[in-house]
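With these hints in hand, go ahead and build the complete structure from the sequences.
Chains as they are written, first to last, in this note's numbering: chain A, 59 to 530; chain B, 59 to 530.
Accuracy of the hints is not assured; some may be wrong.
Because identical chains share one entry, a pair is satisfied inside a single copy or across any pair of copies.
[Unchecked claim] Calculated pairs, EDC-like style, for lysine to aspartate or glutamate (alpha carbon to alpha carbon, straight line, at most 20 Å):
1) 480 <-> 159
2) 477 <-> 458
3) 63 <-> 159
4) 477 <-> 159
5) 339 <-> 315
6) 128 <-> 139
7) 128 <-> 109
8) 509 <-> 446
9) 63 <-> 156
10) 477 <-> 262
11) 198 <-> 471
12) 160 <-> 502
13) 163 <-> 471
14) 63 <-> 137
15) 509 <-> 529
16) 245 <-> 322
In case anyone wonders, no lab produced these hints; they're calculated from the structure.
Computed from a prediction, not measured in an experiment: that's the story for all the values here.
There are 2 protein chains.
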Amino acid sequence: MPSNKTQPARGMRDFLPADVRRREYVIGVIREVYERYGFEPLETPAVENIETLMGKYGEEGNQLIFKILKRGVHESTGEADLALRYDLTVPLARVVAEYRDKLPKFFKRYQIQPVWRADRPARGRFREFYQCDVDVLGSKSMVVEAEICAAVSDVLERLGFDDFVIVLNHREILRGILEVSGVTEEKQADALIVIDKSEKIGKDGLRRELVERGVFSEESVDDFFERFGRLAETHVGPAFDIPESRTREFEKQQQEEMNSSWLDKLSSSLDQHEGGKLGIKAVRQILDLSQNSPARGRIRFHPSLARGLSYYTGAILEVGLNIGDFRGSIGGGGRYDNLVGMFLGQDVPACGFSLGLERIIVVMTEREMFPAGLVTSPAEVMVTVWNEESVLNSIALASELRAAGLRVDLYPEADKVGKQFKYASARGIPFVAVLGDDERERGEVSIKDMKSGKQRSVKREDVASVLRNWEG
Amino acid sequence: MPSNKTQPARGMRDFLPADVRRREYVIGVIREVYERYGFEPLETPAVENIETLMGKYGEEGNQLIFKILKRGVHESTGEADLALRYDLTVPLARVVAEYRDKLPKFFKRYQIQPVWRADRPARGRFREFYQCDVDVLGSKSMVVEAEICAAVSDVLERLGFDDFVIVLNHREILRGILEVSGVTEEKQADALIVIDKSEKIGKDGLRRELVERGVFSEESVDDFFERFGRLAETHVGPAFDIPESRTREFEKQQQEEMNSSWLDKLSSSLDQHEGGKLGIKAVRQILDLSQNSPARGRIRFHPSLARGLSYYTGAILEVGLNIGDFRGSIGGGGRYDNLVGMFLGQDVPACGFSLGLERIIVVMTEREMFPAGLVTSPAEVMVTVWNEESVLNSIALASELRAAGLRVDLYPEADKVGKQFKYASARGIPFVAVLGDDERERGEVSIKDMKSGKQRSVKREDVASVLRNWEG
Chain A
59 MPSNKTQPAR GMRDFLPADV RRREYVIGVI REVYERYGFE PLETPAVENI ETLMGKYGEE
119 GNQLIFKILK RGVHESTGEA DLALRYDLTV PLARVVAEYR DKLPKFFKRY QIQPVWRADR
179 PARGRFREFY QCDVDVLGSK SMVVEAEICA AVSDVLERLG FDDFVIVLNH REILRGILEV
239 SGVTEEKQAD ALIVIDKSEK IGKDGLRREL VERGVFSEES VDDFFERFGR LAETHVGPAF
299 DIPESRTREF EKQQQEEMNS SWLDKLSSSL DQHEGGKLGI KAVRQILDLS QNSPARGRIR
359 FHPSLARGLS YYTGAILEVG LNIGDFRGSI GGGGRYDNLV GMFLGQDVPA CGFSLGLERI
419 IVVMTEREMF PAGLVTSPAE VMVTVWNEES VLNSIALASE LRAAGLRVDL YPEADKVGKQ
479 FKYASARGIP FVAVLGDDER ERGEVSIKDM KSGKQRSVKR EDVASVLRNW EG
Chain B
59 MPSNKTQPAR GMRDFLPADV RRREYVIGVI REVYERYGFE PLETPAVENI ETLMGKYGEE
119 GNQLIFKILK RGVHESTGEA DLALRYDLTV PLARVVAEYR DKLPKFFKRY QIQPVWRADR
179 PARGRFREFY QCDVDVLGSK SMVVEAEICA AVSDVLERLG FDDFVIVLNH REILRGILEV
239 SGVTEEKQAD ALIVIDKSEK IGKDGLRREL VERGVFSEES VDDFFERFGR LAETHVGPAF
299 DIPESRTREF EKQQQEEMNS SWLDKLSSSL DQHEGGKLGI KAVRQILDLS QNSPARGRIR
359 FHPSLARGLS YYTGAILEVG LNIGDFRGSI GGGGRYDNLV GMFLGQDVPA CGFSLGLERI
419 IVVMTEREMF PAGLVTSPAE VMVTVWNEES VLNSIALASE LRAAGLRVDL YPEADKVGKQ
479 FKYASARGIP FVAVLGDDER ERGEVSIKDM KSGKQRSVKR EDVASVLRNW EG
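Here it is as structure tokens:
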């Protein structure tokens, strides 16, 4: 009985050849850039023990984790002992705890693998998606943050993006802002959730929700906005549309000035708050260390960036793009100095960034940013089968051309030659090699250029080099 | 509270950088060869609807499938609606049914992705492992089988294997043997299970189990062995140890003669059985079509190869290796003309082969078959940080060298320079670049060759080219 369910599972996708080639192109660029920054590849299993993941992503995260039933007799009890990887950071923390002695003092790793979340599927949001992570473990130096910003900028520039911004904030600055505004510790998490949405809900929404959640009273919220009104300003917004009259250099300078002015202002508001001051110092350092790197002028300090995950402890980062449907984040990260400690019992400083492959691909597809040279035909030449008797000869020719390094398709049946040509043409294969009886007798092969229609007879031993140097 | 469970889940593995590089090397070779044969890449989700997988792999398979709990309120009921991919063939069949109109008449795809089985973990057997599949859909021609044998031989030769054999049999031959021996239809599945183990259990075990399972009586089993005794002979055994006195060419000829003699003998035994005769014809064709391909002399016809999966309908294939602990299969495949029909309601002829990445890597590691040139150092050069004031300059140098295409690590902290050198040395980074105050003033960089210990001062703009052309 045929199953009528042949679609992939909800929120999951099949990638046909052209899709895979696009994905591999992007992954290839990301991998190459990360390697240039001295990051090394790591891979972890898709499946983790359930206790490794639970409790690391907050209550919402717990619900979105795909859980796997225990095998055997336990299957009927509904008990789950395994779960699908939810991000690449928690498995990294586990790996660092497990192999601490084998790993270098500074462990710089990249990891490009899928993760799974039982989110409600939406445009650009899937239940299986790839993350491309870089992380540095073992150093508290802000050089780490600067290197990560540089690597991410480098990746995006090499993919052809010029309109991205790396939004930067610091958890201690956020804490400072809230504490000097009189927000109690237990209300801070609520406040962060609201502030994190400021980009979406705007100034009025921000004010309303802060009051609704009891973070501020109707009176105190005005004080708050007087001091920190900029929190409500957009952070992935207009300032990185580049009007044609402005140069990139102008934009970069403008960005640097804006960062300085904001930091100066905040600095005076937080001058009595130790954590806030440390946060501002760290942000200034990261900006300073990025002066001579690909991240120069790409980083926008913005005090409203909060990021959902609870494990961040220092700098937090998010990359925004501003065009078309995908105004918004294509990746994020930050410093999480305590996460490894949850596994190791001893903290290891850490900072990382995760680029979302799916959105990058959506935007690159919309903007037609993929290089024309991406392999789109399944082969460089197709060898035809003249008749039943000559199959062996066709296989021999295909073998010779493959040994010479060509990508060769072999038509599998002794169909009419016209049909075989039509097939090659439909598949976009640029050349067809025909081994008819005449050609065989002369030790030749007839080559047809499918674009121009030109055909020419070539000595069998020359076929590969003729194809390589074909001139229309 | 630190978790003491930092190992990966049972039967799963973490791959540290050197492991990933080995895996990527092998995958790269496999991918390149498959592309030369005109195969195109396909990727499917790790997670499938549970009904897509259940019932496709037999009763044992059903039990080994990892099942995923329904989300939300259903989580407590223990109901599973999704499952982890168990192989790459069933998802392919689903894909072909779903996208039939988008796919070419002959769909040749490769797919290199992990699969998951809740098997008892053992040496070389994991719960998450990669399969490297090639399949051709849309043709019944034996050219397909021949091309698959050629591609697999090509892959293994390029990886450096010379002692593999592709064992070939045909389901119709097996059916013929059983039917002319008087085995009833309902006993045939049992018989195949036993015959499939003949390699392990030997002639005596085979005889005993065939009787125990009621396939034959004590009397009829002797008749059976008289006619088909060769079933009990080893098929991945001695004949592909290559004594030094023999050449590869001699081996190939010997293999061809052996195939002919077996086929002739079987042919007379099965001359009254239509299916058996068809099977023998198909096998002869595959052997014939492989005369001029990389599979020549690699294929061993053996009537005892049965293969577990129930979906095969024609030729069945298994690649055996014979050395060390891993005597046994490193991959298998065959023709399955009815599987797509289970999804589409209309049969599509299909034939494929799956190479097991894990065993290939185990054997290659044991035999030290990985090329010496595999990237083992995380960077080509490490830039040191002279002091806090010069960090910016070090970042600038690292950026320049990266832009020139070098893989560059940057020491993240202003540690003592001796400590930085020690670190680079421990990590196997061949060069260290030092930007001290003197060098900076002169616009130079000091380069140290970590192997020879030689150090030399180089103009800053020449660093990349000097490193590329360094001569000890």
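Now the hints, each set against the structure:
1. For the homomeric pair residue 480 and residue 159, the shortest alpha-carbon distance between copies (17 Å) is at most 20 Å, but the shortest distance inside one copy (61 Å) is not.
2. In the homo-oligomer, the alpha carbons of residue 477 and residue 458 never lie at most 20 Å apart, since the shortest distance is 24 Å inside one protomer and 55 Å across protomers.
3. In this homomeric assembly, residue 63 and residue 159 come within 20 Å of each other (Cα to Cα) only across copies, at 16 Å, whereas the closest approach inside a single copy is 49 Å.
4. Taking the shortest alpha-carbon separations for residue 477 and residue 159, only the inter-copy value of 18 Å comes in at or below 20 Å, while the best intra-copy value is 63 Å.
5. With identical chains, the CA atoms of residue 339 and residue 315 are at most 20 Å apart within one copy only, with a shortest distance of 16 Å there and 80 Å across copies.
6. In this homomeric assembly, residue 128 and residue 139 come within 20 Å of each other (Cα to Cα) both inside a single copy, at 6 Å, and across copies, at 14 Å.
7. In this homomeric assembly, residue 128 and residue 109 come within 20 Å of each other (Cα to Cα) both inside a single copy, at 14 Å, and across copies, at 18 Å.
8. In this assembly of identical chains, the alpha carbons of residue 509 and residue 446 never lie at most 20 Å apart, being 28 Å within a copy and 62 Å across copies at closest.
9. For the identical chains of this complex, residue 63 and residue 156 are inter-copy neighbours only, at 9 Å across copies versus 42 Å inside a copy, given an alpha-carbon limit of 20 Å.
10. In this homomeric assembly, residue 477 and residue 262 never come within 20 Å of each other (Cα to Cα): the closest approach is 67 Å inside a single copy and 54 Å across copies.
11. When the C-alpha separation of residue 198 and residue 471 is checked against a cutoff of 20 Å, the pair qualifies only between copies, where the shortest distance is 9 Å, while the shortest distance within a copy is 64 Å.
12. For the identical chains of this complex, residue 160 and residue 502 are neighbours neither inside a copy (59 Å) nor across copies (36 Å), given an alpha-carbon limit of 20 Å.
13. Taking identical chains as interchangeable, the C-alpha atoms of residue 163 and residue 471 lie at most 20 Å apart only when they sit on different chains, with a minimum of 12 Å there against 59 Å within one chain.
14. In this assembly of identical chains, residue 63 and residue 137 lie within 20 Å of each other by CA distance solely across copies; the values are 19 Å between and 27 Å within a copy.
15. Taking the shortest alpha-carbon separations for residue 509 and residue 529, only the intra-copy value of 12 Å comes in at or below 20 Å, while the best inter-copy value is 48 Å.
16. Proximity of residue 245 and residue 322 under a CA criterion of 20 Å is satisfied in neither setting, with 27 Å inside one chain copy and 85 Å between copies.
The structure fails hints 2, 8, 10, 12 and 16 (numbered hints given earlier, in ascending order).
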